[in-house]
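Asks: Chain residues, written in single-letter form:
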Amino acid sequence: MAERSDAADEPAAPDRQNALGSSGGGRLDDLAAFFRERPRLRTLAVAGPPYAILVLFFAIPLLAMVVVSFQTGDIGGPWTLSNYTEFLNSDTYLSVVWQTLLISVQVTAIVTVVGYALAYSIVRFSRRTTLLLLLVILPFWTSYIIRMYAWINILQSDGVLDSTLNMVGLPALSLLYSEPAVLIGFTYVWLPLAVLPFYASLTNLDSDLIEASKDLGAGPVRTFASVTLPMTINGVVTGIILVFIPTFGSFITPRLLGGTSNIMIGMVIENQFKSAFNWPFGAAIGMVISVVVVALLILGTRLGGGLFAQGGEES
Amino acid sequence: MQGAAAAGITAAAGCLGGGGGGESDRVPTDVEEWPPENLESNLNMWNWYDSWAEWAIDAFGDEFDVQVSNTGFSSPDQWYSQLEAGNSEIDNIAATTNWVERSIENDFLHEIPVDVMPAWENITDRIKEASSYQQDGKTYAVPESLVLYPLTYNDEYFDSAPTSWGVLWDDQHEGNLCMWDNATVSCQIAAMYTGQDPIQPDDFKEIEEVLVQQKPLLQTYWGDYQQGMSLFVNEDVVAGPLTMGRTYTARFQEGAPVHYTAPDEGAMYTSDLFVIPKGSPNPIASLQFTNWASETENAAKLFETMGYQPAVDISDELSQEDAEFTNWPDDWNLIFSETLSDEVRSRYDEIWTAVKAA
Chain A
1 MAERSDAADE PAAPDRQNAL GSSGGGRLDD LAAFFRERPR LRTLAVAGPP YAILVLFFAI
61 PLLAMVVVSF QTGDIGGPWT LSNYTEFLNS DTYLSVVWQT LLISVQVTAI VTVVGYALAY
121 SIVRFSRRTT LLLLLVILPF WTSYIIRMYA WINILQSDGV LDSTLNMVGL PALSLLYSEP
181 AVLIGFTYVW LPLAVLPFYA SLTNLDSDLI EASKDLGAGP VRTFASVTLP MTINGVVTGI
241 ILVFIPTFGS FITPRLLGGT SNIMIGMVIE NQFKSAFNWP FGAAIGMVIS VVVVALLILG
301 TRLGGGLFAQ GGEES
Chain B
1001 MQGAAAAGIT AAAGCLGGGG GGESDRVPTD VEEWPPENLE SNLNMWNWYD SWAEWAIDAF
1061 GDEFDVQVSN TGFSSPDQWY SQLEAGNSEI DNIAATTNWV ERSIENDFLH EIPVDVMPAW
1121 ENITDRIKEA SSYQQDGKTY AVPESLVLYP LTYNDEYFDS APTSWGVLWD DQHEGNLCMW
1181 DNATVSCQIA AMYTGQDPIQ PDDFKEIEEV LVQQKPLLQT YWGDYQQGMS LFVNEDVVAG
1241 PLTMGRTYTA RFQEGAPVHY TAPDEGAMYT SDLFVIPKGS PNPIASLQFT NWASETENAA
1301 KLFETMGYQP AVDISDELSQ EDAEFTNWPD DWNLIFSETL SDEVRSRYDE IWTAVKAA
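Protein chains in written order, with my numbering: chain A, 1 to 315; chain B, 1001 to 1358.
The set of hints was computed from the structure by calculation and includes no laboratory data.
All values derive from a computational prediction rather than experimental measurement.
Each residue gets a CB set at the ideal place from its N, CA and C atoms; glycine is no exception.
Incorrect hints may appear among the rest.
Claimed, not checked - Label-pair ranges, simulated between beta-carbon atoms: (1) A:LEU94 with B:ASP1065: 53 to 61 Å; (2) B:TRP1055 with A:TYR51: 45 to 53 Å; (3) B:SER1069 with A:LEU63: 29 to 37 Å; (4) B:ASP1202 with A:ALA295: 24 to 32 Å; (5) B:ASN1106 with A:SER126: 25 to 33 Å; (6) A:LEU216 with B:ASP1224: 37 to 45 Å; (7) A:SER126 with B:TRP1055: 48 to 56 Å; (8) A:LEU94 with B:SER1069: 29 to 37 Å; (9) A:GLY300 with B:ASP1197: 27 to 35 Å; (10) A:TYR144 with B:TRP1055: 26 to 34 Å; (11) B:ASP1159 with A:ALA117: 30 to 38 Å; (12) A:LEU63 with B:GLU1235: 28 to 36 Å; (13) A:PRO139 with B:ASP1171: 39 to 47 Å; (14) B:GLN1078 with A:SER290: 49 to 57 Å.
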């Protein structure tokens, strides 16, 4: 391996100084040299601001939430474990968590299947990918609440959907205030979040591998299972994470589109902060839910990694 | 530590332009003669009567040469958290009684010199007695309107006004009923239906049982005022709780066949009041605004735009149709929505979570 020649760099310095102006370029060179000689300071200068933002806006609020969750009554009250014991000993709250988990899994499954099919068709069967991707992310340009009210207009009795069905001679569905309405609302809202990582992973997939699989006699299903999915599993896992987490904490969609049987844990937390004024209990529920979500994410990521490794061996 | 940090951040935001001009040295009680002199040039109000606030921005601003802004809110905790963090921005709030009480207890509000305010005499005795806004002989708020939580019903569906909350448990109307996704309101309705005191009930189990029984009859629990009103406007439901103002809007602005009543068991009501929070950068302009809003024609405008009964007697300003809609019969059993004890609030909250999870 050739040794790096410091002498080879020297002629460039005067030219650069001329281009930048002698004093400005000199200062930049001095600054660069200063940091070059102090690698720890350089690391701190580069990584410090992002870490500071993380600490200020993530770690400290999280710590405050942990502290509040161990207090009783008003913030600043005596220390207690009662918020946690009350939550974990309550069949009511645990059943809400279970119901939330079921809805979140259903939403994630639907969004993954629909989103993957959409991303696949954009990558494989269309030339206007930019336009199609723009259409996918277009809903993000409108407020979440407004989009939910739009769905109310579509799904309500005699709304857009029912009117259209009646026009073609089909019976009305009256979906609003039901679990299907909640699933539709969630699917619509999170679909773009899933499509983007799916799309990114599919564009990196070498199409020669698919051709090779076909040449070796694999049908479409076998090719998908043994080549396409394993090669894009990182994107799939990312999409699942991006959908599952916000669904688990949602409270607006089930409140606006759900009927009487669609309570989610996010609604309970919201109620503790806004109506019951029991911030410590709300913080405790939030902490428990955060732990559950992180545990599920670790599990999901490891599962995804395992599948990827397995897929890699097969491919 | 948390409060101090929040106050610091809020103060910094104020210094960066959020406050609208820096805190005045004067406080409202410095005003001993009316009109107050040297109003500040800005007024930042937080008022959830959006349509009225939109009108007031121009009307008050033009009359007193004050630049007015309004921040709408959907829940009082939004401005209350601002006060907890150390207010440096808000000059005037339309606050609900229970939150005014909390704010007074925590020393968040300026005392208001109502004795020198001409419009104070316009406030009716009825609302002065109903609201809770004084402590140790000092007045901290000026009532703005009375807010009734009635039973709203479709007056084409029903031949006459239902006389009992029991209509919300009548399986004859299955699928056409709604409840408010609000632990206090819904549990208090159930308490009244079961013949209990909604402020201090004695049988929480019965309240939970009847709310669980009711659930299959409902189309939904509404959580947003607009959503609640839309249910009646779209005729998705025929009866349920809704505020008086939203019922007025549904009837007169949206053309929905709705009316409201106070069932024999009773109906809850509260009041909204103007307050001037400590830390207000423009307290004297806020004081002038509070007086201005309580003048008869401006209070009448509140009713026309929002449908809530103003704290001022506006009977001379009302059309016959509005007068018929607004006048509450003397024999209605109205119960003031007093601040609940921590125990009752907690039990109501548990019940409501259990009912929704059932």
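Asks: The structure should be examined with respect to each hint, and the outcome stated for every one.
Replies: Here's how the hints hold up against the structure:
no., hint, result
1, A:LEU94 with B:ASP1065: 53 to 61 Å, "holds (60 Å)"
2, B:TRP1055 with A:TYR51: 45 to 53 Å, "holds (49 Å)"
3, B:SER1069 with A:LEU63: 29 to 37 Å, "holds (35 Å)"
4, B:ASP1202 with A:ALA295: 24 to 32 Å, "violated (43 Å)"
5, B:ASN1106 with A:SER126: 25 to 33 Å, "violated (60 Å)"
6, A:LEU216 with B:ASP1224: 37 to 45 Å, "violated (57 Å)"
7, A:SER126 with B:TRP1055: 48 to 56 Å, "holds (51 Å)"
8, A:LEU94 with B:SER1069: 29 to 37 Å, "violated (46 Å)"
9, A:GLY300 with B:ASP1197: 27 to 35 Å, "violated (50 Å)"
10, A:TYR144 with B:TRP1055: 26 to 34 Å, "holds (29 Å)"
11, B:ASP1159 with A:ALA117: 30 to 38 Å, "violated (54 Å)"
12, A:LEU63 with B:GLU1235: 28 to 36 Å, "violated (50 Å)"
13, A:PRO139 with B:ASP1171: 39 to 47 Å, "holds (40 Å)"
14, B:GLN1078 with A:SER290: 49 to 57 Å, "violated (24 Å)"
Consistency with the previously given hints fails for numbers 4, 5, 6, 8, 9, 11, 12, 14, ordered from lowest to highest.
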